[in-house]
Amino acid sequence: MGKWFPTKFRRGDIIRIGVFALALVVPFLPFVSDYLLHIVVLVFLYMILALGLNIVPGFNGLLDLGYVGFYGIGAYTSGLLTVHFGLSFWIIVPLAFMNGAIWGILLGAPTLRLTGDYFAIVTFGFSELVVLLITNEIWLTRGPLGLPGIDPVSIDLTLFGGPKWELVGELPYYYLALFMVLVTVFVMYRIQDSRLGRAWFAIRDDEVAAVSCGINLLTYKVIAFAISAAFGAVGGAFFARWVTFLSPDMFKFWESFLILCMIVLGGMGNVWGVMVGAFVLVSMSEILRELLPLLGLPVEVRFLAFGLIMVLMMRFRPAGLLPIPAVAARMRAGRVRRKKIKGPVAVKK
Amino acid sequence: MKPILEIKGLYKNFGGLEALRDITFEINPLEIIGLIGPNGAGKTTLFNCVAGLEKPTRGEILFSDTRRSVSIGGKKPESVTALGIARTFQNIRLFDNLTVIDNVKIGQHCRTRSNFFGAVVRTPGQQEEERLVTDKANEFLEFVGLAGRGEEIASSMPYGNQRRLEIARALATEPRLLMLDEPAAGMNPQESRDLMALIRRIRDNGITILLIEHDMKVVMGVCERVVVINHGQWLAEGRPQDVQNNPKVIEAYLGKGAADAASAG
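Each protein sequence line maps, in turn, to chains V and D. FYI, the numbering for the first sequence is 1 to 349, going by my numbering. FYI, the numbering for the second sequence is 1 to 265, going by my numbering.
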């Protein structure tokens, strides 16, 4: 862990512990309403999704525009298993993880041979296919009518002679989502610092050098795609049991784009950056939803605001708010160089 | 002794362009062999064919150890690496955003096994493997003279060190044949001398070396045998001094007039 933030190890750690402590007590702060708690759960959900997506563009350097397809698959897996079989959430999460991974492999194995842009188009097509499938296979998903009446998450200890709690209200979901975020971050951290993560980073930085080190590109890209898809599906599984209602239009392409924006805004490839990106975009979306009507503007204007943010980021900070350490180091070096160049000019004046 | 690498009648066409034409030569175990020729002669194409990055149009490439020979023409680059052939690149190809030590650790990829499960759960086997990978990576860094620089970002190092790092990464794949593509390019005389010493030390550790180089001081100083190719064809072969005085070689590099002048003088 230390080697990713060699210079700021201490400061970064203190900030992280502070944020975690704050996250633990947020629900008990006096001004926190159920609505606010709902937003924070949404932030957590998008953190999981963004961390999952980050594997593909952030760790492997491949553009993925179809991530929401896996999110939808996970959500409907969870919803249908709950409605028809009444499975527990704790069984559904691993099943959704596996189902996401299977679809990731099915889509990735034939298409990851394609280079950059062509692959992105295929993924885009996939997410559209998922929406069409959910919309049209009415016998399975009830189509545009949506899938209502999904049971909320419950903790059932009756098997061991204990009680059964059904999670109602936002508070338990808050801690459940926080727990899931922590598990995701934990997994990401361990992958980053392992043979698997290094192989991904090698592919991102230089494919030719990577194969020369004995890395099979297709295998490792498919693994990346499958794990990414699996986390997307887990996010979906949580979403289904949290909002207890699903409909096809929740999984439109816009969601993919929004999650991609979070990654780009936060810092592609950096776990903490991606989480910051999710936090900023989700909370800003909610703030604008309140603010824009007061200014006499329609709510849809916030999409314009997102576009504006992306344009500004590309112009002033293309590597994101929290770039990966190497890029951050280069940016620092660049600033120093620019100052040196500016120096003599200032003297002339 | 049985040659470690045999190239037999190798052809490589790019559309209508014949980049390699009937190349045949052998490399004996523990030799330091130079591959020279004017720009565009096909040296790097030959490297790419051996390393699996290009598929030869015709011909055979045999890679042997004491027990058996494997035909590697047209094999995938990752399998060639796993068999024991490593390479560096003419224009340095490091993993720029990673630390120096991670670059070397990636070289160990094909010699290690751990997977997603091992990474997340940190099984005892995975931990043992990571320890081994880290130890070996540090050894290789020390071997090429980059000890203590493991935590630097690869792209932030000076040019000469990046060359050394690329060699360390290639060594980390634990090859029996190491192919160096212009390792002395852009080096000053002192760095070139250090590089020659390093190449000899690598050979002394039991690794055969095939070297593309334009710097004749390096070629003459370190190679025991030289193969010359020109326009994709085998031109000459022999001890460095003999090749240096071969009229055909002088003609290829400097033109016919120079060759005549040399043979007359």
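Because the hints were derived from the structure by calculation, they are not lab data. Any given hint might turn out to be false.
To be verified - Covered stretches of chain V, going by a simulated chain D footprint (3 or more residues, C-beta under 8 Å):
{"#": "1", "segment": "196-209"}
{"#": "2", "segment": "321-334"}
Stated by the list, open to error - Beta-carbon label-pair distances, calculated as ranges:
{"#": "3", "chain 1": "D", "residue 1": "148", "chain 2": "V", "residue 2": "305", "range": "33 to 39 Å"}
{"#": "4", "chain 1": "V", "residue 1": "186", "chain 2": "D", "residue 2": "233", "range": "57 to 63 Å"}
{"#": "5", "chain 1": "V", "residue 1": "253", "chain 2": "D", "residue 2": "142", "range": "33 to 39 Å"}
{"#": "6", "chain 1": "V", "residue 1": "159", "chain 2": "D", "residue 2": "142", "range": "55 to 61 Å"}
{"#": "7", "chain 1": "V", "residue 1": "116", "chain 2": "D", "residue 2": "142", "range": "48 to 54 Å"}
{"#": "8", "chain 1": "D", "residue 1": "148", "chain 2": "V", "residue 2": "308", "range": "45 to 51 Å"}
Bear in mind that the values here come from a model prediction, so they are computed numbers and not experimental data. Glycine included, every Cβ here is placed at the ideal spot set by N, Cα and C.
Here's how the hints hold up against the structure:
no.: 1; hint: 196-209; result: holds (count 11)
no.: 2; hint: 321-334; result: holds (count 7)
no.: 3; hint: 148(D) - 305(V): 33 to 39 Å; result: violated, 49 Å
no.: 4; hint: 186(V) - 233(D): 57 to 63 Å; result: holds, 59 Å
no.: 5; hint: 253(V) - 142(D): 33 to 39 Å; result: violated, 52 Å
no.: 6; hint: 159(V) - 142(D): 55 to 61 Å; result: holds, 57 Å
no.: 7; hint: 116(V) - 142(D): 48 to 54 Å; result: violated, 38 Å
no.: 8; hint: 148(D) - 308(V): 45 to 51 Å; result: holds, 47 Å
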